[in-house]
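Residue numbers (numbering that gives the first Met the number 0), protein chains in the order written: chain U, 0 to 85; chain X, 0 to 85.
In case anyone wonders, no lab produced these hints; they're calculated from the structure. Any given hint could be a false lead.
[As the list claims (entries may be wrong)] Result set (DSS-like, lysine-lysine): computed pairs, CA atoms no more than 30 Å apart in a straight line:
{"#": "1", "chain 1": "U", "residue 1": "LYS68", "chain 2": "X", "residue 2": "LYS45"}
{"#": "2", "chain 1": "X", "residue 1": "LYS68", "chain 2": "U", "residue 2": "LYS81"}
{"#": "3", "chain 1": "U", "residue 1": "LYS70", "chain 2": "X", "residue 2": "LYS53"}
{"#": "4", "chain 1": "U", "residue 1": "LYS82", "chain 2": "U", "residue 2": "LYS68"}
{"#": "5", "chain 1": "U", "residue 1": "LYS68", "chain 2": "U", "residue 2": "LYS45"}
{"#": "6", "chain 1": "X", "residue 1": "LYS81", "chain 2": "X", "residue 2": "LYS70"}
{"#": "7", "chain 1": "X", "residue 1": "LYS45", "chain 2": "X", "residue 2": "LYS81"}
{"#": "8", "chain 1": "U", "residue 1": "LYS82", "chain 2": "X", "residue 2": "LYS84"}
There are 2 protein chains.
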Amino acid sequence: MSHNEKNRISVDIYGQSYSIVGGESTSHIRLVASMVDDKMREIGSKNASLDTSKLAVLTAVNAVHDYLKLKEEMEELENELKKLKD
Amino acid sequence: MSHNEKNRISVDIYGQSYSIVGGESTSHIRLVASMVDDKMREIGSKNASLDTSKLAVLTAVNAVHDYLKLKEEMEELENELKKLKD
Numbered sequence: 000m001s002h003n004e005k006n007r008i009s010v011d012i013y014g015q016s017y018s019i020v021g022g023e024s025t026s027h028i029r030l031v032a033s034m035v036d037d038k039m040r041e042i043g044s045k046n047a048s049l050d051t052s053k054l055a056v057l058t059a060v061n062a063v064h065d066y067l068k069l070k071e072e073m074e075e076l077e078n079e080l081k082k083l084k085d
Numbered sequence: 000m001s002h003n004e005k006n007r008i009s010v011d012i013y014g015q016s017y018s019i020v021g022g023e024s025t026s027h028i029r030l031v032a033s034m035v036d037d038k039m040r041e042i043g044s045k046n047a048s049l050d051t052s053k054l055a056v057l058t059a060v061n062a063v064h065d066y067l068k069l070k071e072e073m074e075e076l077e078n079e080l081k082k083l084k085d
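Chain U extracted, bound-state conformation (with noise of 0.2 Å):
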C-alpha cells in the first residue's frame, strides 16, 4: 500500500466509534486504538468515580509519559551508537 495513500477506518473506543484517518495501515490504526482502549480500561477500572472524559485525559497523559521515558531511552542508545562509531 501506498504510504501517501489515505485510509479512513472506524474503531471503537471504550464502547464509543471514532472514525481515524491517517496514511498508516488499517491494522497500525487498529492497534492504536485497542492500546488506548485497554489503557482507559485499565486505569478505570481502578478508578470507578472517573468519567470518560478524566479518563481519556489519563489515558493521554500515560501515554505521553511512556513516550518520554521511551525518548530518554532512545537517546541513550544513540549517545552510546555514536561512541561506537567515532
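Chain U is already provided as a structure; the job is to place chain X on it using the hints.
Relative to chain U, chain X alone:
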C-alpha cells in the same frame, strides 16, 4: 529527590484540574501535562465540534501512535547497535 518518593501534584489540562501521583519529578509531570494540554488544544482547534471526551480520546490515540512510531525507530537503532557490537 529519591525515586521511591511519590509526588502528588495538581496540574491543569484543558481547563480541568487533575491530581497526578507518581514517582516522577514534578517537572516531568508538569511537562507531560502541558504536552497533553497542547495536543488537546491543537486537535480541538481543528475539530470545533468535538466534545472534551472525544478530544481526549483522540489525544490519547495520537500519543500512543507517536509511542509506537518511536518504538519502531528504537528497534532499528537497537539492531544497528547489535550489528556494530558483534
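Quick check: which numbered hints come out false for this structure? 7
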